[in-house]
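Student: Each chain, letter by letter, is given below.
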Amino acid sequence: MSKSYLALEQIDMVFSRDGTSTQVLKQVSLNIDKGEFISIIGHSGCGKSTLLNIVAGLTQATRGVVFLEGSVVDLPGPDRAVVFQNHSLLPWLTVYENVKLAVDKVFGRTKSRQERHDWTIRNLELVQMVHARDKRPSEISGGMKQRVGIARALAMEPKVLLLDEPFGALDALTRAHLQDQVMQIHAELANTVIMITHDVDEAVLLSDRIVMMTNGPAARIGEVLDVPLERPRRRVELVSDPTYLRCRSGVLKFLYERHRLMEAA
Amino acid sequence: MSASEAPIVKETKPMAKVVPLAIAPRSARDTNPFLKWIANLGSHILPPVITLLFLLVLWEIICSSPDASVPPPSRVVAETWELIVDPFYVGQGVDQGLFWHVLASLKRVALGYSLAAAAGIALGALVGRSEWAMRGLDPIFQVLRTVPPLAWLPLSLAAFKDGNPSAIFVIFITAIWPIIINTAVGIRNIPQDYQNVARVLRLNQFEYFTRIMLPAAAPYIFTGLRIGIGLSWLAIVAAEMLIGGVGIGFFIWDAWNSSRMSDIILALVYVGVVGFLLDRAIAAIARIVTRNTASN
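Chains as they are written, first to last, in my numbering: chain A, 1 to 265; chain B, 1 to 296.
I should point out that these hints are in silico values taken from the structure, not numbers from a laboratory. Computed from a predicted model, the values in this text were never measured in an experiment. Ideal placement from N, C-alpha and C gives every residue a C-beta, glycine not left out. Check the hints yourself; a few may be wrong.
Rough simulated footprint, nothing fancy, chain B against chain A, three-plus residues with beta-carbon under 8 Å [what the hints assert, rightly or not]:
#	stretch
1	77-86
2	100-106
For the chain B half of the interface with chain A, some residues (derived, Cβ under 7 Å), not all of them [as the list claims (entries may be wrong)]:
#	residue
3	Ile190
4	Asp193
5	Asn196
6	Val197
7	Leu201
8	Arg202
9	Pro215
10	Arg287
Chain B residues, not near chain A, derived (Cβ > 12 Å throughout) [claimed, not checked]:
#	residue
11	Val200
12	Arg211
13	Ile212
14	Ser262
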């Protein structure tokens, strides 16, 4: 049978502690095509980060399987590079060394020393961070750290790029700038991307499809919304675009009318 | 609109310039490195010097009577003048300059402490990484670390049948516990983020140890190393009193047996200063090595 590029099949996740078990995810199934940009949106606590960790292989699903190009995913690996929410750069390495560590590990056998250096620089160029290559993470801003995190993930040439609320900790202007950069990189490299977000505009702007999760416990996929907007997308023009507004209100209605988070006041 | 904005900007500029003018005289004094150095010296060196002088004067007054059991500083200096001016004196047997005594002690510490550092970091890494190793070894470590250093000496004398290796063993067994325990705590506290990075990159055990574990745990490891060097120095002076031979500890014991109180006091000054310098040396190495490991 023909499977899609990345397939999540009947994922259940149950956390057990001290005899009580909480079901976090229930029967989550999703098919993703190669080159697609998928956003997963939902209120906090709906298990969207858990879902991403399962795809990354960092967490084992209680039931269900993730297939990538037809083979089962059960361990973390550089074919599913993660951009972590808090960038997770190693503070004792420079910007260059952080990316180089990933490049050396993934291409240590297949590329020469010079090629690995060039590839590291090439990925820093993609996020426009070559100028700070010898700086340490503590010496650069939050937005810059996240860009280096993206460069590190891209440098692994992953089959799927997993973004875990990558811009959550950034101010609005930096965030917009990075969103544009991610769109540009996606246009250039055509990566398959799964992004966790809680920002409606971000989801509509970047995604081909938006996966909306119901509230936990036992969160499910409530709805999947197609975003039929032409690329390249420009945020300024989209503000008044009817398709954009329709998608945006679709997500808003899902989040704030049908699946309002009751305990959040 | 832009035309009306321009003059406002021009008007405010001279007002802003007042600020650098106001701080200009202060920055002139601050930028002179020599004056800054002098000022720094005055504020950091002067208070301890004054305190020291005060204590010496107090000591001189209290011990000034001829039948005082402890000599006053003036008599200490007079009686030990030969030792003070010629620390490199070479004589027969244990009759050596103080430099050679300190050097002999430092050699023992260097050997015992290096062994303790290597073994301590390795064992700490094991205990920090493995839940079972921790459950098995931690209670034993907790009991053994409370054994006073000198209590190991008879056992090690029986095992090694010689003073020198016994003293080195005492250093080793004294310094190793804080190194093990702090390394283990450091490794257990490695943030989950770094572990996730390592897992996504599929770092092997060796790469994980060198690229993630050691740098991430370095601040903790150095805390252990710093406590360890202090304990080593404490232990060597005590151990040398019992094993004899050249060494600052035996020098003190020898001086006590010949009732040379002034020599003892001079030796104590040496012990204190060397211990202080050892601590500072480890702290300086720690600062250099861990300057980039602060999480952000």
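Student: Does Val197(B) meet its interface restraint, that is, does its C-beta lie within less than 7 Å of any C-beta in chain A?
Tutor: With a closest approach of 5 Å, the Val197(B) hint holds.
Student: Please check whether Asp193(B) passes as an interface residue: C-beta within 7 Å of a C-beta belonging to chain A.
Tutor: Nearest chain A Cβ about 4 Å off; hint holds.
Student: Should the interface hint for Arg287(B) be scored as holding, given a Cβ-Cβ cut-off of 7 Å against chain A?
Tutor: Nearest chain A Cβ about 14 Å off; hint violated.
Student: Can Asn196(B) be said to touch chain A, with a Cβ gap under 7 Å?
Tutor: holds, 6 Å
Student: Grab the minimum beta-carbon distance between Val200(B) and chain A and tell me whether it stays above 12 Å.
Tutor: Label violated. Min Cβ-Cβ 5 Å, cutoff 12 Å.
Student: Identify whether the interface hint at Arg202(B) stands, where standing means a beta carbon of chain A within less than 7 Å of its own.
Tutor: Given a least distance of 6 Å, the restraint on Arg202(B) holds.
Student: Leu201(B) was flagged as interface toward chain A. Is the shortest Cβ-Cβ separation under 7 Å?
Tutor: holds, 5 Å
Student: Does the stretch 77-86 of chain A contain three or more residues whose Cβ lies closer than 8 Å to a Cβ of chain B?
Tutor: The restraint on the stretch 77-86 of chain A holds, since 7 of its residues have a Cβ under 8 Å from chain B and three suffice.
Student: Using 7 Å as the Cβ threshold, decide whether Pro215(B) counts as touching chain A.
Tutor: holds, 4 Å
Student: Identify whether the interface hint at Ile190(B) stands, where standing means a beta carbon of chain A within less than 7 Å of its own.
Tutor: Hint violated; Ile190(B) Cβ to chain A Cβ min 11 Å, cut 7 Å.
Student: Beyond 12 Å from chain A, beta-carbon-wise, is Ser262(B)?
Tutor: holds, 50 Å
Student: Hey, does Ile212(B) actually stay past 12 Å from chain A on C-beta?
Tutor: Non-interface label fails for Ile212(B): nearest chain A Cβ at 7 Å, not farther than 12 Å.
Consistency note: the structure conflicts with the earlier hints numbered 3, 10, 11, 12, 13.
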